[in-house]
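Asker: Each chain, written out:
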Amino acid sequence: MTDVAAYALRLGDDALVLSQRLAWWCSKSPEIEEDLAVANIALDLLGQARALLGYAGELEGLGRDEDALAYLRSEGEFTNLLLVEHDNGDFAVTTARQLLFSTYQLALYRRLAESRDETLAGVAGKAVKEVAYHRDHATKWTLRLGDGTDESHRRMQAGLERVWPYAAEMFGPDALTDRLSAAGVGVDPATLRAAWDEYVDGVLAEATLARPQTDWHPSGGRRGVHTEGFGYLIAELQHLHRSFPGASW
Amino acid sequence: MNGQQLDRPVSSAISSDELRRLRAIVGEVPDPEIPVLTIEDLGVLRDVTVDDGVVVATITPTYSGCPAMDAIRADVLCALREQGVEQARVQTVLSPAWSTDWISEDGRRKLREFGIAPPARCAAPPAGQLISLSVCCPLCGSLHTREVSHFGSTACKALYVCETCHEPFDHFKTL
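For the record, the sequence lines run as chains L and U. Position one of the first sequence corresponds to residue 1 (this note's numbering), numbered consecutively onward. Position one of the second sequence corresponds to residue 1001 (this note's numbering), numbered consecutively onward.
Heads up, a few of these hints could be off.
What the hints assert, rightly or not - Only pairs whose alpha carbons sit at most 20 Å apart, straight line, appear in this in silico SDA-like list of lysine to any residue: (1) Lys28/L - Gly89/L; (2) Lys28/L - Ser1149/U; (3) Lys28/L - His1150/U; (4) Lys1110/U - Pro1032/U; (5) Lys1110/U - Asp1170/U; (6) Lys1110/U - Cys1136/U; (7) Lys140/L - Leu1159/U; (8) Lys1110/U - Thr1038/U; (9) Lys1110/U - Glu1028/U; (10) Lys1110/U - Gly1027/U; (11) Lys140/L - Ser1149/U; (12) Lys28/L - Thr1154/U; (13) Lys1110/U - Glu1033/U; (14) Lys140/L - Ser1134/U; (15) Lys28/L - Val93/L; (16) Lys140/L - Val1148/U; (17) Lys28/L - Val1148/U; (18) Lys140/L - Glu1147/U; (19) Lys140/L - Glu206/L; (20) Lys140/L - Arg1146/U; (21) Lys28/L - Ser1153/U; (22) Lys140/L - Arg211/L; (23) Lys140/L - Leu1133/U; (24) Lys1110/U - Leu1159/U; (25) Lys140/L - His1150/U.
Stated by the list, open to error - Covered stretches of chain L, as calculated for chain U (at least 3 residues, CB under 8 Å): (26) 43-52; (27) 132-143.
Quick caveat, the hints were computed from the structure, so don't treat them as lab data. Ideal Cβ positions, reconstructed from N, Cα and C, are used throughout, including at glycine.
Take these sequences, add in the hints, and give me the full structure.
Answerer: Here it is as structure tokens:
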């Protein structure tokens, strides 16, 4: 796979896997408006994933389309971040994951909208407005839960502690991002960190939450090394397509 | 560009007048989720051109994951086929990104009449700086309204309620 294809694939995998996780909430959210909200956010991410996986398949030139890439790859071939596959936990865990990821994704897409690769720039330019809504939504919930009751505060802080160690992986550059950022096509994720810290710290302070401290920073998603729960997620995602090849609506 | 290239559409047997007519017909395709609006009203239809004898309709999604795109694609091809155009395809572009500023004045009026508050008439604010202006109730005209949910029945709408007439309504989010 070419560099650009591999890059489109990892960004597409992030969006696809998070979309799959979020879709689980539909009908189980704490309130009906949240069923709509989470489903809509998942749908935006799915749309981004389709464009990115479709582009990766096109560049690869082996005849794999978005469906082949989503449904017919095995666990170790997915290159998404560990954060997006993290289990939903309670609503506070999901909210924390949304805050950390959407803040990162918004910063990334804003930069990627200036990419020399027209397709990546187009997908990012389109998605940036959607992700701004996602971040806004996660921010509002973080404030509401963090600066809410004793119980909501306790659970929001606990949710944050759960997902926080996985944030570091988002900013880890590798050989691929080094080459692509030098070429003006991709973004060096390390350069997104300062603005991310500033935004997240601001939200946490306003929400009366403490920034978690940890030295444990698991990673491996970009190399296809995933957490235990990921196999179950992929099984659910791919089950229908693998059981009934070519099934469509 | 030389004259020969400019003549290409004519040699493909589709004149510019004919293209204009086809664009008007394709533009009348209703949006599957808000059928009072056409894809022309919404700004979803970007262009109708001809490429080597094939009529190409270019559309753009409102949101990346808009599930109506497949239906719109099929409806566009169907509308062209009804005009006897068999050689046609639909292409989707993402750039420039769709904005609610592309909804026509006529589209805004139709939205209001349908009970959906149209989006604010201004360029969308920079990402991340979501301004909140009062949304006018499409039923009684009151500005005393409240957002119930940022996300509504479709990706492009938010749920509101009017504090004056107490009716709930959809608001087409400014994007």
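Asker: Check each numbered hint from earlier against the structure, then list the numbers of those it violates in ascending order.
Answerer: Of the numbered hints given earlier, the structure breaks none, since each of them holds.
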